[in-house]
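Model the full assembly from the supplied sequences, consistent with the hints where possible.
Line by line, the protein sequences are chains G and S.
Just so we're aligned: 111 in the working numbering is position 110 of the first sequence, and the numbers increase by one with no gaps anywhere.
Just so we're aligned: 32 in the working numbering is position 31 of the second sequence, and the numbers increase by one with no gaps anywhere.
Cβ pair distances, simulated, as ranges: (1) G:Lys90 - S:Glu86: 16 to 24 Å; (2) S:Gln137 - G:Arg93: 20 to 28 Å; (3) G:Thr44 - S:Ala19: 39 to 47 Å.
FYI, nobody ran anything at the bench for these hints, they're computed from the structure.
The beta-carbon is built from N, C-alpha and C at its ideal position, and this holds for glycine as well.
Single-letter residue listing:
There are 2 protein chains.
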Amino acid sequence: MKQKLSESLENYLEVILALEKTNKVARAKEIAEKLNLQQGSVTSALKNLAAKGYVNYKPYSFITLTDKGKKRAKDITYRHLAIKEFLLKVLRIDEQTAEETACRMEHAIDAETIDHLACFINFIFRCPRAGENWIQSFKSYCAAGNPGKNNCKQCIDELKTTAKG
Amino acid sequence: MKQKLSESLENYLEVILALEKTNKVARAKEIAEKLNLQQGSVTSALKNLAAKGYVNYKPYSFITLTDKGKKRAKDITYRHLAIKEFLLKVLRIDEQTAEETACRMEHAIDAETIDHLACFINFIFRCPRAGENWIQSFKSYCAAGNPGKNNCKQCIDELKTTAKG
DNA sequence: CTTAAAAGTTAGATAAACCAAACTTTTTTA
DNA sequence: TAAAAAAGTTTGGTTTATCTAACTTTTAAG
Numbered sequence: 002m003k004q005k006l007s008e009s010l011e012n013y014l015e016v017i018l019a020l021e022k023t024n025k026v027a028r029a030k031e032i033a034e035k036l037n038l039q040q041g042s043v044t045s046a047l048k049n050l051a052a053k054g055y056v057n058y059k060p061y062s063f064i065t066l067t068d069k070g071k072k073r074a075k076d077i078t079y080r081h082l083a084i085k086e087f088l089l090k091v092l093r094i095d096e097q098t099a100e101e102t103a104c105r106m107e108h109a110i111d112a113e114t115i116d117h118l119a120c121f122i123n124f125i126f127r128c129p130r131a132g133e134n135w136i137q138s139f140k141s142y143c144a145a146g147n148p149g150k151n152n153c154k155q156c157i158d159e160l161k162t163t164a165k166g
Numbered sequence: 002m003k004q005k006l007s008e009s010l011e012n013y014l015e016v017i018l019a020l021e022k023t024n025k026v027a028r029a030k031e032i033a034e035k036l037n038l039q040q041g042s043v044t045s046a047l048k049n050l051a052a053k054g055y056v057n058y059k060p061y062s063f064i065t066l067t068d069k070g071k072k073r074a075k076d077i078t079y080r081h082l083a084i085k086e087f088l089l090k091v092l093r094i095d096e097q098t099a100e101e102t103a104c105r106m107e108h109a110i111d112a113e114t115i116d117h118l119a120c121f122i123n124f125i126f127r128c129p130r131a132g133e134n135w136i137q138s139f140k141s142y143c144a145a146g147n148p149g150k151n152n153c154k155q156c157i158d159e160l161k162t163t164a165k166g
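Structure, rendered in structure tokens:
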């Protein structure tokens, strides 16, 4: 059973994992910078995370994730990436908005939904009925404000030709 | 420019709108019940919302939304419904999970993204290349754990036939 | 190897949301 | 219409997550 963590604590784990990936270990100062927080806030949070068994924390030393923390951090990162990919490649949201929105949504989505979403993205780019050019059509449809004079018959003819070739 | 409201305050507005729809006005007790909070918490929140101009609040009396509050409440409700529809009809998440997840995600999604999402749902059920039977294929694909031996050529042939008929 | 700078910690404050329980007002009903 | 019940409010307390500023430890430089 996955313990409930606040959005705030999930964010700490996420950036610690990212810092570990870049620098092997995380330092309080870098965490503060990445999360736009003061160092004092970071110290308290780290103690809290250590007490809950997510990080290895020794005063004045560097910080690493425990196995439990790593698992959880990877899970959050996975959610972030899946959501961002959906926003970017399917809904065609701009990079910055996608990143910011993913940062918020990652804490609100549950395991079942994220799995379905990931699978859906997959399906879209594997199913010949969908794919890149289908997304292009969506983009036009969306830009036109829905109504649009879409030539559906022609689109399907072209699809068949493409699938054959 | 839309003022930032906490998740908590957005929830109040959302249920007040729902109660207004059913009962013309909202009462503190009903709000407390719908949000699973104590009445004392509701009183404070209402004062806060009144101070910010979202609700009409008079001690011991019923509660209604101001125009500003109604606008905001409708916006939140719209986000809720769009997300739920996506989870339910596209990702095929079960009713309860969809409802709960929508309740959380509605606070995390921005205007641009929700518009694209709504448009995307629309597009899926209007584009002949997608639609109900395409979602069915996704469901199988997803259930099979992605790999699947999908007969794509046959699927496209059938699509063409259907589009003609 | 001493000291200045950088990094980290601690302490005390604040704000948002909540709760429980005492209290007040309104509504119902006998 | 008086008393009981229901609804609403107030007060005081808790938790979580932050901040600022003083202080301590570690690191780096001369």
